[in-house]
Amino acid sequence: MTIKIAQLSCGTEYSSVQYEIDKAARSVGAKVVYPDVSAADVEIAVERFGFRPRSNQLKLMIARAVQLADGNYAADAVFITTCFRCAEAALVRNEIRWFIQENTNLPVVTYSFTERLKASQLLTRMEALVTIVTRKELLARERQAGITAGLDSGSSTTKAVIMQDNKIIGKAWTPSHNVVESATHVLNEALAQAGLEYKDIEAMGTTGYGRFTLGDHFKDKVKLIQEELTVNSKGAVWLADRQRGEATIIDIGGMDNKAITVRDGIPDNFTMGGVCAGASGRFLEMTSRRLKIDVTQLGALADKGNWRNAKMNSYCSVFGIQDLVTTLGDGKSFEDVAAAACHSVAEQVYEQQLQEIDVRRPIIQVGGTSLISGLVTAVGEVLGEKPIVPADSQFIGAVGGALLSSGFL
Amino acid sequence: MSEERETRLLMISPSSRLTPEMLARNIHSMGVEVGLKETCYGCLIEGRRESVLKVAEMARKLQGNSVFSKRRAYRMGDPVRCRAQHGTRPGYSQLEAEWAALPFIEAGLDALDKGEKYKEIPAKEKLSVEKLIEICEVKL
Amino acid sequence: MKVFIDPPNSLILFDLVERFGHEPLSTMAALQERIDNIEVDMPPMNVTLDDVVSGLKYAGIEVPSGVRGRLAVWGPMIEEADAAIIVDDPPFSFGCVGCERSELMVKYLIKRRNIPALRLTYPNSEEEGKAFVGKIKEFLEGLQ
Numbered sequence: 542m543t544i545k546i547a548q549l550s551c552g553t554e555y556s557s558v559q560y561e562i563d564k565a566a567r568s569v570g571a572k573v574v575y576p577d578v579s580a581a582d583v584e585i586a587v588e589r590f591g592f593r594p595r596s597n598q599l600k601l602m603i604a605r606a607v608q609l610a611d612g613n614y615a616a617d618a619v620f621i622t623t624c625f626r627c628a629e630a631a632l633v634r635n636e637i638r639w640f641i642q643e644n645t646n647l648p649v650v651t652y653s654f655t656e657r658l659k660a661s662q663l664l665t666r667m668e669a670l671v672t673i674v675t676r677k678e679l680l681a682r683e684r685q686a687g688i689t690a691g692l693d694s695g696s697s698t699t700k701a702v703i704m705q706d707n708k709i710i711g712k713a714w715t716p717s718h719n720v721v722e723s724a725t726h727v728l729n730e731a732l733a734q735a736g737l738e739y740k741d742i743e744a745m746g747t748t749g750y751g752r753f754t755l756g757d758h759f760k761d762k763v764k765l766i767q768e769e770l771t772v773n774s775k776g777a778v779w780l781a782d783r784q785r786g787e788a789t790i791i792d793i794g795g796m797d798n799k800a801i802t803v804r805d806g807i808p809d810n811f812t813m814g815g816v817c818a819g820a821s822g823r824f825l826e827m828t829s830r831r832l833k834i835d836v837t838q839l840g841a842l843a844d845k846g847n848w849r850n851a852k853m854n855s856y857c858s859v860f861g862i863q864d865l866v867t868t869l870g871d872g873k874s875f876e877d878v879a880a881a882a883c884h885s886v887a888e889q890v891y892e893q894q895l896q897e898i899d900v901r902r903p904i905i906q907v908g909g910t911s912l913i914s915g916l917v918t919a920v921g922e923v924l925g926e927k928p929i930v931p932a933d934s935q936f937i938g939a940v941g942g943a944l945l946s947s948g949f950l
Numbered sequence: 304m305s306e307e308r309e310t311r312l313l314m315i316s317p318s319s320r321l322t323p324e325m326l327a328r329n330i331h332s333m334g335v336e337v338g339l340k341e342t343c344y345g346c347l348i349e350g351r352r353e354s355v356l357k358v359a360e361m362a363r364k365l366q367g368n369s370v371f372s373k374r375r376a377y378r379m380g381d382p383v384r385c386r387a388q389h390g391t392r393p394g395y396s397q398l399e400a401e402w403a404a405l406p407f408i409e410a411g412l413d414a415l416d417k418g419e420k421y422k423e424i425p426a427k428e429k430l431s432v433e434k435l436i437e438i439c440e441v442k443l
Numbered sequence: 786m787k788v789f790i791d792p793p794n795s796l797i798l799f800d801l802v803e804r805f806g807h808e809p810l811s812t813m814a815a816l817q818e819r820i821d822n823i824e825v826d827m828p829p830m831n832v833t834l835d836d837v838v839s840g841l842k843y844a845g846i847e848v849p850s851g852v853r854g855r856l857a858v859w860g861p862m863i864e865e866a867d868a869a870i871i872v873d874d875p876p877f878s879f880g881c882v883g884c885e886r887s888e889l890m891v892k893y894l895i896k897r898r899n900i901p902a903l904r905l906t907y908p909n910s911e912e913e914g915k916a917f918v919g920k921i922k923e924f925l926e927g928l929q
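Residue numbers (this note's numbering), protein chains in the order written: chain E, 542 to 950; chain L, 304 to 443; chain P, 786 to 929.
Looking at chain E on its own, in the form it has when it is part of the complex (with noise of 0.2 Å):
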């Protein structure tokens, strides 16, 4: 089955992109499509709708809109992206995905492309696009079963977990190097705990980076090779006990961030953050270098600073930092600068990020930098409700792994 993305875009034809669009689509055993509208559909739609830009492609993605709204149109899941930097386009893209989500039950992705993107920058994004329209029961799963291992291969730190009828019995992590090492190292540490063996996995699930290099080494028990949007929000709500009902999950990475919103376990939108170093834990990592304390300490110091204190000009990793720097030469406190680093990280990923999708009650907060407090504290303040971080919240992407894999056996 070829699963159908409906694109509504402006641009893409003339700034070299779609070729890259179609080719991410393609890879992941998707097609492209163009909801159908007449000339004389299109002011209609734009009556309806209520919102007239000036240009024209936008009022005809209002039209297509309508039309999937409509269900006069038949696809799986919808795709919007416009120019990066045009204030139209933007206000317009925005809008239309609140008026796919509100009229149709579609699983959308809004992206804002430069020139320069590339099918590997969308993959996972349409890779999950995918995952959610295909695999709807399997992502239904709530309990694990049989004995099964799960490895997350992120760009900071590799994590593995073993899972026997429903319970974590081993989990282990490691800075990332090489993607195999890194993963035997902490699949053995976790086995190791749990008291077994790689002969007793019955199951193994492989999600993050380095996903499908493992599946293809641990080919004699994988089960599962998934992305970590999906994967991840399994791992989050079976984590925080949360399967039933809504909640949004935010995973703060170190090279990107992750936003999904979630109905009964089951992802029904997301955002993903491109490569900023300043909206991601590699912002905090690097402050804690400069303060020369270790990253794990930085999360109790911020929480006894305030951020307003310590000044930054700049959310760059490279100029803001120096801010921090300079900040703390001038006398303030460790604390403040821990403070300003953790809020500047949260603001970051709240204007970049969250404003494009429906934040939902409870935020639950995951991945390696949900163990700095200072951040969930920093991001409950930007929210305005402090996020639930569970047990084990590194773990997420290794526990999606072992959950979902068990569904294979």
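Bear in mind the hints are in silico, worked out from the structure with no lab data behind them. Please note: incorrect hints may appear among the correct ones.
Dumping the calculated DSS-like pairs for lysine-lysine here, alpha-carbon to alpha-carbon at most 25 Å [to be verified]:
hint, chain 1, residue 1, chain 2, residue 2
1, P, LYS892, L, LYS427
2, L, LYS364, P, LYS787
3, P, LYS920, L, LYS422
4, L, LYS420, P, LYS892
5, P, LYS922, P, LYS787
6, E, LYS762, E, LYS740
7, E, LYS852, E, LYS760
8, L, LYS427, P, LYS922
9, E, LYS760, E, LYS677
10, L, LYS422, P, LYS922
The structure presented is a predicted model; accordingly, all values stated were derived computationally and were not measured.
Using the hints provided, position chains L and P relative to the given structure of chain E.
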């Protein structure tokens, strides 16, 4: 042939009595070597540039001024452009909208053929304050 | 003479310019050149990264890529044109002409070249059609 290749669409004005099938038959009978594909709006033709231009020229004279033509970047049947592959591309709506306006252009060309002079159509002006006052007072 | 048409993909303008004996400069011709001759295949339009980068000649890096890509296609044609026919506020302009910002820039580039240019609006009646066609014919005849 790439340098000389030309692909064109021939579009019939909605007010014309000509059908795409009649247009296609006429083009076949012109004896010019071009590839032809009948479409909902008229025909697509493809061949050497000079042949295509010749056919376009003759087609324009077929039935009053009701056949129009423009170049197309893509070859006939190119899957990139094909509606059946992925739904319509934006240019389709553009063509559809221009198609609806063709009878007015046809009227303009017919008038030229008859040697008619066109009338300058004054641009709509905003109502003057004086006029508005006048209207208001009458209503009262 | 070479006449740039705006909207550059207009069937009506392309047909009339050609009918009255001139060469219309259109998006279709510019794209065909890319489709037939460029070695890098970037369907559907074959507007490549190099094109979008070369669009920097017309607009800075802070301008969206879609605007620069469009200007990279149209800019050289405007530079080559002897005259231009512009339809203002076309009610239908989708596809390559769907971006209002790019369209504003096209009109400005034509103005800056200081070539003869005719500005019209699309007809909504037979009377307007007669004036539209009549003016275009007069303008094109005046170029000779």
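So, going through the hints one by one against the coordinates:
{"no.": "1", "hint": "LYS892/P <-> LYS427/L", "in the structure": "holds, 23 Å"}
{"no.": "2", "hint": "LYS364/L <-> LYS787/P", "in the structure": "holds, 24 Å"}
{"no.": "3", "hint": "LYS920/P <-> LYS422/L", "in the structure": "holds, 10 Å"}
{"no.": "4", "hint": "LYS420/L <-> LYS892/P", "in the structure": "violated, 29 Å"}
{"no.": "5", "hint": "LYS922/P <-> LYS787/P", "in the structure": "holds, 15 Å"}
{"no.": "6", "hint": "LYS762/E <-> LYS740/E", "in the structure": "holds, 9 Å"}
{"no.": "7", "hint": "LYS852/E <-> LYS760/E", "in the structure": "violated, 51 Å"}
{"no.": "8", "hint": "LYS427/L <-> LYS922/P", "in the structure": "holds, 24 Å"}
{"no.": "9", "hint": "LYS760/E <-> LYS677/E", "in the structure": "holds, 24 Å"}
{"no.": "10", "hint": "LYS422/L <-> LYS922/P", "in the structure": "holds, 14 Å"}
The structure does not agree with the numbered hints 4 and 7 stated previously, though it agrees with the rest.
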